[in-house]
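Participant: Sequence:
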Amino acid sequence: MLTNILLSCILLLGASDFKFEEREDIKQTLRFSSATQARQVIVDNLNGAITVTGYSGNEVQLVAKKLTRGRTPEKLALARQEVVLDISEQSNVIKLYVDGPFRCKNGETNYRGSRYYGYEVQFDFTLQVPYQTDLTLKTINDGDIKVENVTGEFDVDNINGGVTMIGVAGGGHVYALNEDVEIGFKKSPDRESYFGSLNGDVRVSVPPDFGATVRLKTFNGEIYTDFPATYIASRAPERERENGRFVYRTDRAFGVQLGKGGPELEFENFNGDIFIVKNEE
746 MLTNILLSCI LLLGASDFKF EEREDIKQTL RFSSATQARQ VIVDNLNGAI
796 TVTGYSGNEV QLVAKKLTRG RTPEKLALAR QEVVLDISEQ SNVIKLYVDG
846 PFRCKNGETN YRGSRYYGYE VQFDFTLQVP YQTDLTLKTI NDGDIKVENV
896 TGEFDVDNIN GGVTMIGVAG GGHVYALNED VEIGFKKSPD RESYFGSLNG
946 DVRVSVPPDF GATVRLKTFN GEIYTDFPAT YIASRAPERE RENGRFVYRT
996 DRAFGVQLGK GGPELEFENF NGDIFIVKNE E
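Adding 745 to a residue's 1-based position in the sequence shown gives its number in my numbering.
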């Protein structure tokens, strides 16, 4: 494992409450325990961007740029102590986990904001991973998630930034709460998948031979596609018993078959449009 850390601390003279700043560059080569088993990389971030690119190697090349800002030198020192990047490898899963007082016991995030803590810590991750790698990527503030040339299952969530994936294959779950989702598949999705956003557009481009069973749901947006669509029956309502009565619930999505059909793909948004289009030549 190779590590190169550069550290600097400067006093900012701007009007921000956080007048003290510390920068740290972390560079590491991370190795999987097995060269033959399936590989997975997990990045669980809070503040900052995540960029992942596939390459022909068998290791993970990590560059993490850490920016710490504090109201006072004491708050800066407290941030250094409380917020840490935990790097682990177990069962061929490499995990990068930003830990701090904002983490609950179950690993979920309860972030009260930088003013509450008196400091703010941001990690911007850039990784090179083997082409065939499963990905789980999460961040909340101050950055987009970008993936290029990676094949495998993916689970990607961004709250206040966008998600862009180019030249990918496989399938999984992608959600960006407040920004756009843009996915470019070099091969048609081969498994059940979900693509969603609350306040952004969802745009998925696929090869011309694409086929799938598609479930679509939007409230204030439009739906566009290059492919001939055949309407199919909606899902039957789910029946549950509550207080001695049967309650029926439906997701109100409508279904179409695109092309010759295939795996079920679900698209959902509220204030944006949905696009399912052919890859550009």
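Some hints here could point you the wrong way.
Listed next, the in silico DSSO-like pairs over lysine-lysine satisfying Cα-Cα at most 30 Å (straight line) [to be verified]:
(1) 820 x 850
(2) 840 x 820
(3) 840 x 891
(4) 883 x 962
(5) 764 x 883
(6) 1023 x 932
(7) 772 x 810
(8) 810 x 883
What the hints contain is simulated information worked out from the structure, not anything from laboratory work.
Participant: Look at each hint and say if it fits the structure.
Facilitator: Right, here's what the structure says about each hint:
Note on residue 820 and residue 850: the hinted pairing holds, with a Cα-Cα distance of about 24 Å set against a maximum of 30 Å. Distance check on the hinted pair: residue 840 and residue 820 sit about 28 Å apart at the alpha-carbon level, within 30 Å; holds. For the suggested pair residue 840 and residue 891, the alpha carbons sit about 18 Å apart, so the restraint of at most 30 Å is met. As the CA atoms of residue 883 and residue 962 are separated by approximately 24 Å, the hinted pair is consistent with the 30 Å bound.
Simply put, residue 764 and residue 883 have alpha-carbon atoms about 28 Å apart, close enough for the 30 Å limit, and the pair holds. Proposed proximity of residue 1023 and residue 932 is supported: the alpha carbons are some 11 Å apart, at most 30 Å. Restraint check for residue 772 and residue 810: the C-alpha separation of about 9 Å stays at or below 30 Å, so the hint holds. Taken as a hint, the residue 810 and residue 883 pair is honoured in the structure, with Cα atoms around 16 Å apart against an allowance of 30 Å.
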